[in-house]
Structure formats: structure tokens, C-alpha cells
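*Asks:* Chain order of the listed sequences is V, Z and X. So the first sequence is numbered by numbering that gives the first Met the number 0: it starts at 0 and just counts up by one. So the second sequence is numbered by numbering that gives the first Met the number 0: it starts at 0 and just counts up by one. So the third sequence is numbered by numbering that gives the first Met the number 0: it starts at 0 and just counts up by one.
Keep in mind that the hints were calculated from the coordinates and are not lab data. Some clues are possibly wrong.
Unchecked claim - Each computed DSS-like pair below joins lysine-lysine, with the alpha-carbon atoms no more than 27 Å apart: (1) 16(V) <-> 27(Z); (2) 183(Z) <-> 188(X); (3) 27(Z) <-> 183(Z); (4) 27(Z) <-> 188(X); (5) 136(V) <-> 170(V).
These numbers were taken from a predicted model, which means no experiment stands behind them.
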Amino acid sequence: MALLAIENLSISFAGLKALSGVSFTVNTGEIVGLIGPNGAGKTTLLNCISRLYTPQSGRILLNDVNLLDVPVHGIAAHGIARTFQNLELFGGASVLENVAVSSMRRFRSNLLAELFWLPAARRDVHAAREAALQTLKALGLDHLADQRTSDLPYGTQKMVELARALAGQPKLLLLDEPAAGLNPDESRRLGETIRALRDQGITVILIEHDMSLVMTICERIVVLDHGEKIHEGTPETVRRDPAVISAYLGAEAGDA
Amino acid sequence: MLAQLIVSGLALGSVYALLGLALVLIHKATDIVNFAQGEMAMFMTFVAFVMITQLELPLPLVFVVAPLLGAALAAVTERIVMRPISDGPPVNALIVTIGLWIVFNHTAGWIWGYDPYRFPSLFPADPVEIVGARISPNSLGIIAVALAVMAGLYVFFEYTREGTAMRAASMNRRAAQLMGVNIKRVAFLSWTLAGGVGTVCGLLVAPIIFLDFEMMVSVLLKAFAGAILGGFNSLPGAVIGCMLIGIAETFFGGYVSTAFKDTFAFLVIVLVLMFRPSGLFSRTAVKKV
Amino acid sequence: MTLWLRKNWIPVALLAAGLVLPNLVEHYGNFILASILVYSLVSLSLTILIGFAGQISIGHAGFWALGAYGSALVVTELGAPFLVGVLVGGIVAALFGAVVALPALRVQGHYLAIATLGFALFVQQVLFEWESLTGGRQGLFVPRPEIFGYELTDDYAYVYLMLVIVVLLTWMTENFRRSHTGRALMALKMSTVAAEVAGINRARHIIIAFMLSAFYTGISGALYAHLIGFLSTETFTFTTSLSFLTMAVIGGLGSYVGALLGAIYLTMAPEVFREFKDAQMVVYGLTLILCMQFLPGGLASLPERLRSLRRRRT
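The shape of chain V in the complex, shown without the other chains (with noise of 0.2 Å):
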């Protein structure tokens, strides 16, 4: 069943186009890889199913839900949460409290509550903070909660961002290069984590540059460049075709 329905996405930005007539489908419970070069949209899409940006025309069907309806600060209640490339933490606030502010939205009551400081706002603010030490402890974070976020090695970091976006508790997750910046290990433990997700019952689209992660845990892969779809298939079919394998050689060749 389809949880998530990109059709005909376009944007572009000062006249150059970032993304041109992408569709695609994915299905509630399935790891789909994002893949393309540098520059091939793959953020572009993310930004737009997050709605930080609008595209200029396409719908995105959430459940049937057209998120273009929905503004930024919606789509958490819509069941999406993500991560960002280049970390976006709350540098100078506990890793607990950076956890906490994705729960939050689960707990609120009103201002005068919370000038007066009465028992519903108490309530809400402890909730919260369970809410992400609860999920800090199923990803082993815990002991770090009380640690500031800027004074984390830069791997644990990016737990930690995956922290905040799962206490939001998502039906749908969107990760940005997750395995940027991690050794070997680490890359691999990420791997069994988002696989674990999955089986809990967690959607997740997966931008990618580590071909051996991709690989192994996306049963499904969409390929762009130059912001335009040239395949969507499995692990198989993606190491086959042809103008995959251009689309990076002919990157790759410019880059060096």
C-alpha cells in the first residue's frame, strides 16, 4: 500500500531546475534509497516533502493528505520527521533537550498554564522529557542526555539527530546522508538501526552516498540526475543499468 505518492514534481530555482516531473510511490514499511550525483535533486526532493520548500507544480500524497497543503510546522503531526545533511542541532542545548523539543509537540497546554507554572504545564514538560529518554535509551543514548550537542564527536552527533526526529514518533523518515562523516562501524551499526526502525513499523527514504549501505538494507532504489528520475528499481537492477552507471562514471569523471 502506497503511504507516500510524489507526482510530477517540479521546481526550479532562478531558472535552473532543481527537479523536473519526478513520481514516484512508496510503500508503507519500505526502506527506499534516494541515490543520484551531486547536485541531482536528491535534497531538493526531501526539502520539498518536508516543505521547506513549495515546487512550482506536482502533488505529494501522504495517505491521500496533498502535503502541499500542510506548512512546515504540520508535517510532524502528519507523521514525517527528518534529518539534515549539514547538522541541524540545537548547538548550545543538551542532547536531552534537543530530544525533548520533538516531543514537545505531543504536550502542550496553554501560556497562562505555563506563566503560572501549573500543574498541566509541569505535566507537559515532564512528559516530554520522558518521551526522549525514552527514545534517547532505545538508541543507547541516554547516558550522554545531560552532555551539550556541540561538545559530541561529529558520528554521535548525527544519533543524536536521528534521536530527535524519531521522539517525534514518524510513520515516515527522511534521512540525509545519515552515514556522512561515520567510519566503517558506526556506518554498519546505522544500517541495523534504520533496519530496526523499519521493523517497528517506521517508512523510511534514505539519501545515500555509501553505496554499501544503500545496498544492503533498500528494497527499493530511486536514481536521479540532473532532477529528473533515470530509474527506480531494486539493489539488482540499479547496479545493471547502464545509464546509472554513466549518470556516476560521467559525474565522478567531472568531479576529478
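Starting from the structure of chain V, add chains Z and X where the hints point.
*Replies:* Frame of chain V, contents of chains Z and X only:
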């Protein structure tokens, strides 16, 4: 009456446009709104006043020297005051420009006192008859000077190496940096240019509303309103926006009320930000994440 | 008990000082204390706006004026009790705070600071022109504060009343800081995109921050009106707005301690710099710039700063 109002509206708009250009120049290059822009111009106009009255320099010469000194003042300010905090949170930079505002404003008051002075105009005051309308040569002169400055900026950005680098930097800072554009130098140049252009604005304003330490506050507000109308990131947009503000203000003053002209600018700012946040002419900009 | 005291010695010491000091000083001393309390509310309001929400205002004199005139007029024209007047002053200011912040629905960045500049000039102009209401050039007399039928004729009693209000609002600020709306604002300040994606409505929160900040400043303006007893539009100029910003930044935008230090700075600086009266604002401006360069956390961060400097040396 109508032609007269249009010409004086355009003249007023030209004055606003010069300050608006200075604001947009710095904002494009650094994302900083320089709240001290008007006060720096006022300060330099006082310096020009000293050159005229005490050094007895000829007025046209002052019109050349003062903007150069204004550019130098802005350049020094950028190096000493702004650059050390350029890597900090943007709110800090904003607070520092407000600090500069206070310093320039009250240093002027401290040195030159709080009384208004009559400032000589480059142009004759007696109105001339042009196709039936009585037009003030001062208005025409202001428009001409403003157009000359704009033409100069156009040539600079289109035809010089530095200008091209600044244009590239304002479009995409990271990409420009990768292509070898020195971002700090761009910030420095934009402050320098803005300092010069702002000073011209001060020299044109002073003869109309007397030279005094508070003369630029409401000009700054109008320049903001005009720049916001133009989207705050486009130089031609700022010029057109400020011209519209000048004309609207003149008509508002001519037909409705002169007491609430600043109120009018405030309303324009709030309404434009609410309903056309990217200005009248441009498309929305997006932040990269 | 001792542990509790070691953790909370700052508020305890401040409260004790607040209770004792009015008895140790003469009449003028109590006026100074009252001024510090009045300014500390403005400083606190800017702590909410700048420190929590990351928004700048250079128009707070406008909210201050709305609180002052709002309260004075409700008390003199409608015969409302003093405390009702103060509350009305705060509410009127808060409503205008919402208006100034409305553009947050559509724009990001520093545009709201520009709107506050326009707002300050707008309020100044309206107060000046609307003579029938504000007395314009002539000014407006404001009665002394009165509570449950007792007129607080001297500042000694008024200082204690203010102290109650300031402690209450400080407590509310600390509550706000640790509750969800406050945390959401600080998240928005640190990373707007991440906060929005996590479900935080940016515009709504920024409007709340502006309203709350304006409310505090309105209360302060009302208390000020009844302290001075006479309102003139010249009190609420643009320079006043800039002094407010200076005091809040120099004190430190992170805490109520900073807010209090800022208020003390703004009250005492004219006493100290009386010699060079004209240069006083220049000193404000320079301290503002220097503070941002060398002590961005303000005076409140000085102890910590010295500690870290000492640590680096050893």
C-alpha cells in the same frame, strides 16, 4: 499642481533611494541591516558643513570630497567594528549597528549642538516655469544627482571586476567563495560604497529640511519602507520602491495630512511585509539547508 | 536546607536586598530604587524578546508609552483603580505587540526590527498630535498609586509594591523559560528549520514573544507613569528605545540577574556621567559596541568569563 507634486515626489524619492541603495548594498553582501546608515550620512553632512563654513571650500568640491570621506569612514567602521563580529550570531551584528547609530547620532549632537543649521543647496531655489508648471530647480538637481550616482553604480556592477565579484557573492555566497571571491573584501567594499552613496543622500537632504542631528531618522524609515517595497535585495527594486514612497508621501502630504507622514511609512512597512513579503517585483528567496 | 541555599543564594540575596534597602536610604534613594525596578521590567521584557526569541526591538519606548498613557488615562478618565490601570496598560501594549509582530507570519530575518523602528516613530507622532487625549505639548498629570483605598504618597511604600510586581513577573519569566513555549522559542533561535520541522509554528511563537515582551514593558510604563506623576511625550523618544536596548544588552540577555544589572546601569549611568552630560549617550553607544565585541553575555556573564580566562592562563 499635479506636475509640481510629481516632480517634488520624485526628488524626495531620489533622496530616499540613495539611502535605500546604501542599505540594500550592505544587506545583499552581508545579510546585515545597517541601522546606522542614516546617522553616518548625517555625521558626514556635518563634516561637509564644517568644510563649507570654516574651511570655505567651494560647494561643488565639497560634494566630491565629502562622499569620499564618507566612504572612508564606512570602510574604517567595517574594518574596526563590524569585521570582528562577522562570524558571531547575526543578532549581535544588528545590535552593533544600533550602537553605531547611537554613537554617530550623539557625537554629532555633542560636537555641533542640537540646533538646526541652514545648509546651502547646490542648485538655485527660485522656481522656473516649465511647460506651464512651476518647478523647483532644486528638485530637478536632486533627481539629476541621484541618477548620476545610480548610473555610476550600474557601471561599477556591470563593467568592473570588483563589481562582478560582488554581484556573484550576493547571489550565492558559498558558490562565489568556492570560485575564489573574497567574501570579507566584498563586505568591506559594500560598506565603503554604501558610505559614499549615503553621504550624497545627506548632502541632498540637508538643504531641504535643515541640517540637524536628527534629520536622517525619518529619511531612514522611508528608505527602509522603499527598500522593503523593492524586496530588500534588489538595487533597482529599492530605487523604484523609494520613488513610489516619495511620490506617495508627497501626494499624501499635499492632499491629506502632513502630520502623519511617518505613520504612513510604518503602515507601508507592516502591510508590505504581511502581504508581499518579497516586495512588489521579485520572487521569493529560499534558504538552503 | 544549606544545599538549597547554596543553589539559590542569588535570588535569596537579591530579595533580601530588595526588602532591606528601602529602609537604608533617604527619599531620593527610594526614587532611585523605584526607577531600577521600573527599568528592570523593560530589561526583562527584552530578555524575553532578544534572549529567548532572537528578535530585536528598537521601538520599546512605544510600548512603554502605551502602558504609561493607557494606565494614566484609564485611572484619570474612567476612574479605574490603580492596579486595574496598570494591567490595562500592559494589555494595550501587548495588543500593539501583536500588530508589530504580525509580519512574522510571512517574513524571516531582521525585518521585524525595521517594523519596530516604524512603530516607535508612529507612537511618538500620535502621542504628540493627539492633544485632546495626551495633552500633547502640555503633558498629562497622573495621580499617585492607590491600593485598596490607601494612597501611596511616598516612594518608600511604592517601592515595596513594585517589588511584589517585579518578583511576580520575574518568576513568570523563569516559568516561561522552562515551559514548552519558551523552549520552542529558543529552539527556533538556534535552528529555525529544525524547530519548524519538529512541529513548532514560528510565526505564532514570535507573536507570543512580542506580546509578552510588550506586556512587561507596558506594565513598566504604567508603574513609571504613577511614579513620576507627569507624562510628557518627550520621555518616549527614539533615544529612549535605544537606551532600553543598550541596558538590556549590557546587563546580559540570558537571565533576570542580567536584566537587573542592566536596569542598575541605566539608572546609575546618568548619576555617574553627570559631568559629561552630552557625552552620556555616546558612552551608551560605545559600551553597547564594546560589549558585543568583548562580552556578548553582558555584565551577568562577567564572573564566568573571568573564571574561563583564569583557567586558560593556568
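*Asks:* If a hint holds in the structure, say so; if it does not, say that too.
*Replies:* Okay, the hints, checked on the actual structure:
For a cut-off of 27 Å, the pair hint linking residue 16(V) to residue 27(Z) stands: about 24 Å separates their Cα positions. Restraint check: the Cα-Cα separation between residue 183(Z) and residue 188(X) comes to about 25 Å, which is no more than 27 Å; the hinted pair holds. The hinted pair formed by residue 27(Z) and residue 183(Z) meets the criterion: a straight-line CA distance of about 13 Å does not exceed 27 Å. Simply put, residue 27(Z) and residue 188(X) have alpha-carbon atoms about 22 Å apart, close enough for the 27 Å limit, and the pair holds.
Proposed proximity of residue 136(V) and residue 170(V) is supported: the alpha carbons are some 20 Å apart, at most 27 Å.
Going down the numbered hints, you'll see the structure goes against none, and every one checks out.
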